[in-house]
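Here are the chains, one letter per residue:
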Amino acid sequence: DGGITQSPKYLFRKEGQNVTLSCEQNLNHDAMYWYRQDPGQGLRLIYYSQIVNDFQKGDIAEGYSVSREKKESFPLTVTSAQKNPTAFYLCASRNRGLAGEMSSTDTQYFGPGTRLTVL
Amino acid sequence: QQQVKQSPQSLIVQKGGISIINCAYENTAFDYFPWYQQFPGKGPALLIAIRPDVSEKKEGRFTISFNKSAKQFSLHIMDSQPGDSATYFCAATYNTDKLIFGTGTRLQVFP
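Chains as they are written, first to last, in the numbering used here: chain P, 73 to 191; chain B, 612 to 722.
Note that these hints are calculated values from the structure, not bench results. Note that the Cβ used here is the ideal one computed from N, Cα and C, for glycine as well. Be aware that one or more of the hints could be misleading.
Said to hold, decoys possible - No farther apart than 27 Å at their CA atoms in a straight line, the calculated lysine-lysine pairs in the BS3-like style are these:
hint: 1; chain 1: P; residue 1: K142; chain 2: B; residue 2: K709
hint: 2; chain 1: B; residue 1: K679; chain 2: P; residue 2: K86
hint: 3; chain 1: P; residue 1: K129; chain 2: P; residue 2: K86
hint: 4; chain 1: P; residue 1: K129; chain 2: B; residue 2: K668
hint: 5; chain 1: B; residue 1: K669; chain 2: B; residue 2: K709
hint: 6; chain 1: B; residue 1: K616; chain 2: P; residue 2: K129
hint: 7; chain 1: B; residue 1: K668; chain 2: B; residue 2: K709
hint: 8; chain 1: P; residue 1: K81; chain 2: P; residue 2: K143
hint: 9; chain 1: B; residue 1: K616; chain 2: B; residue 2: K668
hint: 10; chain 1: B; residue 1: K669; chain 2: B; residue 2: K679
hint: 11; chain 1: P; residue 1: K81; chain 2: B; residue 2: K709
hint: 12; chain 1: P; residue 1: K155; chain 2: B; residue 2: K653
hint: 13; chain 1: B; residue 1: K682; chain 2: B; residue 2: K616
hint: 14; chain 1: B; residue 1: K653; chain 2: P; residue 2: K81
hint: 15; chain 1: B; residue 1: K616; chain 2: B; residue 2: K679
hint: 16; chain 1: P; residue 1: K142; chain 2: P; residue 2: K129
hint: 17; chain 1: P; residue 1: K155; chain 2: B; residue 2: K709
hint: 18; chain 1: P; residue 1: K143; chain 2: B; residue 2: K653
hint: 19; chain 1: B; residue 1: K653; chain 2: P; residue 2: K142
hint: 20; chain 1: B; residue 1: K653; chain 2: P; residue 2: K129
hint: 21; chain 1: P; residue 1: K143; chain 2: B; residue 2: K709
hint: 22; chain 1: B; residue 1: K682; chain 2: B; residue 2: K668
hint: 23; chain 1: B; residue 1: K626; chain 2: B; residue 2: K653
As the list claims (entries may be wrong) - So the derived list for chain P, only partly shown, Cβ under 8 Å to chain B, looks like this:
hint: 24; residue: G112
hint: 25; residue: Q113
hint: 26; residue: G114
hint: 27; residue: L115
hint: 28; residue: L117
hint: 29; residue: F127
hint: 30; residue: G135
hint: 31; residue: T158
hint: 32; residue: L162
hint: 33; residue: Q180
hint: 34; residue: G183
Said to hold, decoys possible - A short list of chain B residues far from chain P (calculated; beta carbon distances all over 12 Å):
hint: 35; residue: S676
hint: 36; residue: S680
hint: 37; residue: K682
Please model the complete structure; the sequences and the hints are all you need to start from.
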């Protein structure tokens, strides 16, 4: 888990409500990621951000939104538009190399996750 | 093709045995192949990784075998222990921000 914290650990939401998941890192990493994990489907990328005030959609961005106002924080909002939000959500971060370029070998470090259940 | 196909979905091994998990890919641009280990309720953690210019990498009881021509790579866990019981994910990337994950293998090691 390293220097990445996610809160809360468990979250319950009623249908139709938006909810925000917190992700904070003190690793001074430039890039941050949000993944969704469902049984038998591995990890799927929701959004990622390479730098403050910039982010890109991943493979399953519909129904989610993010912001990156600070380097250490990358909150994820699960909106009411997300049809099946019950899942385990994982945040990760990754640093750039000395030259400022991303390298394949730059490791992604994951937080402990938030389990979201829609009631 | 961005997929990484992983098998088996689940694996039961006796203590002291060898656990083998296989992955296959299509995109020849992939140039880095990490394996992650995840315990229940926790985030994945990097276990071992390999680049395609080597055919094997060993770290303790964990070995990655890489077959570039077949576009396949596998994780071998020697002398499997109950503490190795976890879900294992293979992944692939190519100098981008995206890691492409396999679907995971749940390993159970019984004493």
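(request) Run the structure past the numbered hints and jot down the numbers of the failing ones, going up. (result) 2, 4, 29, 30, 31
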